[in-house]
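Asker: Take the sequences, apply the hints, and build the full model.
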Amino acid sequence: MPSVVVASNESSLIDKALGLELHQSRTWHQLLHVESSTRSPTGIESQVDDVRYFLAENGKTDVQAELLASIDALLVNPDAIVNDDHPRCRFVAREVWLRSELGLPASEVPSECALYHQWRGVIGSHSMSLVFPASYLNSPSSMFGHTLLRLDPENIEEGSPWLSWSLNFAADTGSENFSAGYALKGIAGGYAGKFNTIPYFKKLQEYGAIENRDIWEYKLDFNEQELARMLEHVWELRDINFDYYFFRQNCSYRLLELMDYARPSLNLASQFRLTTIPADTVKAVVRADIVSDTHYRASLGTGIQSRYQSIPRHLRTWVEQISTDAESASKSEFTELDVDMQANIVRVANDLITYRSRLGGRSKAMAQRRLSLLKLMSQYSIDESTIPIPEPPEIGHDTRTVTVGGGRSEKQDYTELGFRWSYHDLLDRNNGYLKGAGIVLSDIKLRRYEEGETQLQSFGLVELQSISDRALIFNSLSWNFSAGLVRDAARLNNRLSVKLTGSVGKSTELVRNTIGYALVEASVAQYNRIENNFVDGGLRLGVLNYFRGAAAQLELKVESRHDESMRVSTWLNYNVPLARNHALRFSYSRNTQSANTIQSGMAQYRFYY
Amino acid sequence: MKKTIAGVLLLGFSSTTFAVAPGGPGCGWGNMLLEGKSGLAMHMFAGTTNGTWGNATFGMTFGTNGCSVDGALTYGGNSLVWFDGVLDEYSTDVAMGHGEALGAVAVMIGVEPADRAHFGEVMHDNFEVLFPTTETTAQEVLNTMIVVMANDETLKKYVG
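Going down the list, the sequences are from chains A and B.
Sequential numbering of the first sequence, starting at 114, is according to this note's numbering.
Sequential numbering of the second sequence, starting at 61, is according to this note's numbering.
Fair warning: there could be bad hints in the mix.
Said to hold, decoys possible - With a straight-line Cα cutoff of 30 Å, these simulated DSBU-like cross-link-like pairs (lysine-lysine) come out:
| hint | chain 1 | residue 1 | chain 2 | residue 2 |
| --- | --- | --- | --- | --- |
| 1 | A | 332 | A | 548 |
| 2 | B | 216 | A | 488 |
| 3 | A | 619 | A | 548 |
| 4 | A | 444 | A | 488 |
| 5 | A | 670 | A | 558 |
| 6 | A | 488 | B | 217 |
The hints are simulated quantities; they were obtained by calculation from the structure and are not laboratory data.
Answerer: The structure is reproduced here in structure tokens:
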């Protein structure tokens, strides 16, 4: 039964809508998620890839037809509402907006739309935070980060965000397992993206407890009316498919669109034309001055690392001992310690066993060990101190880089220009970034020697680096992978080759802020003829030091070269930041092969934008 | 507030009337512990789709883990299956005497802000009562909580 009978007749409403050019209005384009498109006959197209979202047959490309169909289905000739599939139940934001633009009285969402009312009753709209799970250990691909929204119930101020809900846009990958194919499909748009709302504590568990990602929460200053407006539109997107592209039309982009819709004076999404890197969207939101408070949640791993380091070295063996056997805490050598120190050690031991049990899967024995540790911990008074808050991601350098440099190699001077599309390498100023992790995409270097032409020196398609400093107590792997075009002065007259390199090994924090690593490496370089493939293997030993934003890396590499004698190289890279987006980098290398030594050095200015 | 805990109490005890009792064998604390993911491929590539779990749900439900049937235990529109889902963190918070899971449970069962720190202390002092074995179920923890609260001068007002 239609709950509202519209007095105006169809033609007058349509005339009015066309007269006002509502189909050209920004809000209408926001509601339809329209943007310019070369493949559309109208030059614009909705990014929604789902026929259910359009009431007109050609609604995806024809915003006017969609407007008229919406006026018809929502205002002029609404069918009787028999269930939640009715357009008036589904397109709540459209109806609210059309009524207001066309001068019709506002109308409550019909009570027959039971699911809508139930959902709005459950999902809080008291306040909202932008949530950024930071990159996690050993996973450079997570460096791009992820963002989601947290919606809070009214009792949030006095209660706990564990009762909030998350609003998340993600690729719907079904039950596929993680693999390279999964990644490629995610990048290329092979998955449909959908919004989902799930309890926020599940997200906390997923990121904080299980993936060990620290979480940043930025409380936004949206009021309840703005949030209600946003949720009316979010409801329209329930189960609706968007194409999902990792680099732009991803989680973070969709959330910016929602914020723009919630508060029309904002212009966040339009700042991201080519790529939407989640960390950059956090910066944009901070710049827009809508953040009222920032809250940091350390992951389990970060908490363990930090608290472990606060334990004097000579007492650290207790952590391992008690985590394997809670009984050992009753030894007199332990009970004689200061009681706060005992409490701290027991807590770290408990966190460590929790961490390990999550990696190792459930077993009866492990559950028993954990329960013993908890019982032990409950006998102490554990203080509520939190760990030191690291620098927030928004203070990090911007993600694109251009470089200008000059150097000398084989007694020839050269100048070099570089462009790196994204993102961060091991030596870039690491404030706001994870130490010891790098991800570099599309890194182009053009070089010109004193006598000679400008040539492509290298093209790094992708490079992932992970040198973990947590091997101290966690048994983590360090590794490196790169693919791209490179030149090798010692081979085939310095011609370009396609090269894949992978290395894997261990690393450990030697002293504070200094990580030592040992990696075995294998690489294959292919030149244009198949007989010119080179497979090399090597051992890399190095030290990475971070000091107040500056970073230095010293490495020794011994290589067994495919068809030649051994090569020994040493190199030193030193990066000095001048400001957030400016840095100088110096490098020196020395290669020795068959008593023949080549030295080269370079100085470079780096600008991030 | 009295209404609150009475509701919990009622629901807590009514669960035994289900054909398959929620919190039966295999639903003990030890089986509720969170499990992580590992593997190099997962680490290298997990970021590219920006989300891993529960992606298809546009939900009002907490799902079910086979131990508590969603909707069977509710209070004030919120499912107490929630409690099953945070048992791992809850036990840790109780062992410490503070934490967000503890705070959230206090909010859910109506403990007023002024009494929450005390609630935490009481739970902390009773860790071994609340979590006697690895087989203790969420349901049993909830039932014990009510008894513990009833025996506390300050908290007894929240119990029927």
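Asker: Decide, hint by hint, whether the structure agrees.
Answerer: The hints, checked one at a time:
no.	hint	in the structure
1	332/A x 548/A	26 Å, holds
2	216/B x 488/A	25 Å, holds
3	619/A x 548/A	16 Å, holds
4	444/A x 488/A	16 Å, holds
5	670/A x 558/A	23 Å, holds
6	488/A x 217/B	28 Å, holds
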